[in-house]
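Please construct the entire structure, taking both the sequences and the accompanying hints into account.
Protein chains: 2
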Amino acid sequence: MQFEHTYKQYDAELESVRAKVLQMGGLVEQQIVNALDALVNANSNLAESVMANDSRVNDLEIQIDEDCSHIIARRQPAAGDLRMIMMMVKTITDLERIGDEATKIARVAQKISESDRMYTPRFNEIKSMVGLVREMLRTALDAFARLDVTKTVEVARQDEQVDEQFRAAMRQLITFMLEDPRTISMSLEVLFVAKAIERIGDHAKNIAEYVVYMVKGKDVRHISLEEMERETLQS
Amino acid sequence: MQFEHTYKQYDAELESVRAKVLQMGGLVEQQIVNALDALVNANSNLAESVMANDSRVNDLEIQIDEDCSHIIARRQPAAGDLRMIMMMVKTITDLERIGDEATKIARVAQKISESDRMYTPRFNEIKSMVGLVREMLRTALDAFARLDVTKTVEVARQDEQVDEQFRAAMRQLITFMLEDPRTISMSLEVLFVAKAIERIGDHAKNIAEYVVYMVKGKDVRHISLEEMERETLQS
Numbered sequence: 001m002q003f004e005h006t007y008k009q010y011d012a013e014l015e016s017v018r019a020k021v022l023q024m025g026g027l028v029e030q031q032i033v034n035a036l037d038a039l040v041n042a043n044s045n046l047a048e049s050v051m052a053n054d055s056r057v058n059d060l061e062i063q064i065d066e067d068c069s070h071i072i073a074r075r076q077p078a079a080g081d082l083r084m085i086m087m088m089v090k091t092i093t094d095l096e097r098i099g100d101e102a103t104k105i106a107r108v109a110q111k112i113s114e115s116d117r118m119y120t121p122r123f124n125e126i127k128s129m130v131g132l133v134r135e136m137l138r139t140a141l142d143a144f145a146r147l148d149v150t151k152t153v154e155v156a157r158q159d160e161q162v163d164e165q166f167r168a169a170m171r172q173l174i175t176f177m178l179e180d181p182r183t184i185s186m187s188l189e190v191l192f193v194a195k196a197i198e199r200i201g202d203h204a205k206n207i208a209e210y211v212v213y214m215v216k217g218k219d220v221r222h223i224s225l226e227e228m229e230r231e232t233l234q235s
Numbered sequence: 001m002q003f004e005h006t007y008k009q010y011d012a013e014l015e016s017v018r019a020k021v022l023q024m025g026g027l028v029e030q031q032i033v034n035a036l037d038a039l040v041n042a043n044s045n046l047a048e049s050v051m052a053n054d055s056r057v058n059d060l061e062i063q064i065d066e067d068c069s070h071i072i073a074r075r076q077p078a079a080g081d082l083r084m085i086m087m088m089v090k091t092i093t094d095l096e097r098i099g100d101e102a103t104k105i106a107r108v109a110q111k112i113s114e115s116d117r118m119y120t121p122r123f124n125e126i127k128s129m130v131g132l133v134r135e136m137l138r139t140a141l142d143a144f145a146r147l148d149v150t151k152t153v154e155v156a157r158q159d160e161q162v163d164e165q166f167r168a169a170m171r172q173l174i175t176f177m178l179e180d181p182r183t184i185s186m187s188l189e190v191l192f193v194a195k196a197i198e199r200i201g202d203h204a205k206n207i208a209e210y211v212v213y214m215v216k217g218k219d220v221r222h223i224s225l226e227e228m229e230r231e232t233l234q235s
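Quick note, the sequences are listed as chains A and B, same order. For the first sequence, the residue numbers in UniProt numbering are 1 to 235. For the second sequence, the residue numbers in UniProt numbering are 1 to 235.
Derived from the structure by calculation, the hints contain no laboratory data. The beta-carbon is built from N, C-alpha and C at its ideal position, and this holds for glycine as well. Careful, some of the hints might be misleading.
Over the 10 Å line for every Cβ pair with chain A, so calculated as not near, a few chain B residues [to be verified]:
{"hint": "1", "residue": "Gln9"}
{"hint": "2", "residue": "Ala12"}
{"hint": "3", "residue": "Ser16"}
{"hint": "4", "residue": "Gly26"}
{"hint": "5", "residue": "Arg157"}
{"hint": "6", "residue": "Lys216"}
To spell it out: a stretch of chain B is covered by chain A in this simulated footprint if at least three of its residues, at any positions, have a beta carbon under 8 Å from a beta carbon of chain A; those stretches are [unchecked claim]:
{"hint": "7", "segment": "58 to 66"}
{"hint": "8", "segment": "69 to 76"}
{"hint": "9", "segment": "88 to 100"}
{"hint": "10", "segment": "164 to 177"}
{"hint": "11", "segment": "185 to 191"}
{"hint": "12", "segment": "218 to 232"}
Away from chain B, derived, C-beta distances all over 12 Å, residues of chain A [said to hold, decoys possible]:
{"hint": "13", "residue": "Gly26"}
{"hint": "14", "residue": "Asn45"}
{"hint": "15", "residue": "Ser55"}
{"hint": "16", "residue": "Glu66"}
{"hint": "17", "residue": "Asp81"}
{"hint": "18", "residue": "Arg146"}
{"hint": "19", "residue": "Gln161"}
Right, here's the structure in full:
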């Protein structure tokens, strides 16, 4: 009975850390959404609140890191659980960096809202990129929650789309700059936003790949999409 | 005796992983140096070899990850050793991403070497930035090797210098672009190189901060330079 009690408590501890990881994921998703909103609507208050909220993201990272270390030290987890814990440690690093990227977008939003805006960029490409990386992040976190590896290839494919959209946005910005060099400074700010979103896509892809390692014990980082497809579709 | 034997073996295992982390650090430093060399001398062969060598960096990351998991599973390390292992797991993630940034620089180097170069950028600022982040990386790895936290603040200060240099490089590139819009595409490539170097600085700073956690059990990520100075100078 004592053993069973301890076992249940251990399960509850693991479950609580997993819930915190998902909570952190929800928080950074909200940060992305708010940063985009602040950018598109030149809302400097909202931009400031994104920057302020980054400390909540950072606190969660530190908390989850500590929780993971405590579980390892006290519970001496077996192979499967240990893989889960190690992958949570990696996942929150990526979530924290997504939070950083959202903060960078908010910083640009603030700059733009304070500028005299002789040239106001349109954000169609940026919005579409954010839509895509947000979907990637959700899919990755959902895969993490369900320990479902079947969506990893999808996330990796979307990451290629994001990269393509980034290149398209860059070509468009170059055209703007050539047509009117006065837009150069502002265009570069938009370019940095596009770069930040592209990074968010990379981090979401990392998270989806960790799930494969967690479930299959196979590391699919650094392999081609075709190989990844083979690995994740094998049952 | 049996116990002592096992204990020594455990120490040797930990030591071997630490040596691999340093080896990985040396490898990514070489990748940075070669990528810069390829860029400055428009050497496309060297650029290609940097891209090819990235798989060695990735392999080391996977290997060290596995080594760390094995040690945890079999040795049930105590608090101090566990912190060391967790921080190695984080350190190699940053080293791997430094490798990625070196690859991005190599990719630009290749592009530039293949272009007809009606406008050849000078790389003074880039060279100086690389000099600085290389020093940061060395200092961070040295701090890791000696478990010495006294250099962390220095690395964090240098990171601020790198950020300042990045902004200066950007202002200069904007001037170029305004003076001659035909330089826009090439200037953006150089800007991405500067951005990659700035990221390398961020990663080196992360590594230096992990050492503080390893040694002091205190997390100095996300705190101000002044607080960090207080934490690391307390004995």
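Results of checking the hints against the structure:
Listed as a non-interface residue, glutamine 9 of chain B keeps its Cβ farther than 10 Å from every Cβ of chain A; the least gap is roughly 19 Å. Separation of alanine 12 of chain B from chain A is adequate, the least Cβ-Cβ distance of about 21 Å exceeding the 10 Å criterion. Distance check for serine 16 of chain B against chain A: the nearest CB is about 19 Å away, which clears 10 Å, and the non-interface claim stands. Every CB of chain A is more than 10 Å from the CB of glycine 26 of chain B (nearest about 20 Å), matching its label as outside the interface.
No beta-carbon of chain A is positioned within 10 Å of the beta-carbon of arginine 157 of chain B; the least distance is around 20 Å. Once the 10 Å rule is applied to beta carbons, lysine 216 of chain B is consistent with being away from chain A; the minimum gap is 14 Å. With a threshold of 8 Å between beta carbons, the proposed coverage of the segment 58 to 66 of chain B by chain A holds, since 4 of its residues qualify and at least three are required. Under a criterion of three residues with beta carbons nearer than 8 Å to beta carbons of chain A, the stated coverage of the segment 69 to 76 of chain B is upheld, 4 such residues being counted.
With a threshold of 8 Å between beta carbons, the proposed coverage of the segment 88 to 100 of chain B by chain A holds, since 3 of its residues qualify and at least three are required. Counting residues of the segment 164 to 177 of chain B whose CB falls under 8 Å from any CB of chain A gives 3; the rule of at least 3 is met. Counting residues of the segment 185 to 191 of chain B whose CB lies closer than 8 Å to any CB of chain A gives 3, which reaches the minimum of 3, so the coverage claim holds. Beta-carbon proximity to chain A at under 8 Å applies to 3 residues in the segment 218 to 232 of chain B; the threshold of 3 is reached and the given coverage holds.
For glycine 26 of chain A, the condition that its CB be more than 12 Å from all CB atoms of chain B holds, with the nearest at approximately 20 Å. For asparagine 45 of chain A, the non-interface assignment is confirmed: its Cβ lies about 23 Å from the closest Cβ of chain B, beyond the 12 Å cut-off. Separation of serine 55 of chain A from chain B is inadequate, the least Cβ-Cβ distance of about 7 Å not exceeding the 12 Å criterion. The beta carbon of glutamate 66 of chain A sits about 8 Å from the closest Cβ of chain B, which is not more than 12 Å, so the claim that it is off the interface is violated.
The beta carbon of aspartate 81 of chain A sits about 10 Å from the closest Cβ of chain B, which is not more than 12 Å, so the claim that it is off the interface is violated. The beta carbon of arginine 146 of chain A sits about 23 Å from the closest Cβ of chain B, which is more than 12 Å, so the claim that it is off the interface holds. Here glutamine 161 of chain A stays apart from chain B, with its beta-carbon at least about 19 Å from theirs, past the 12 Å limit.
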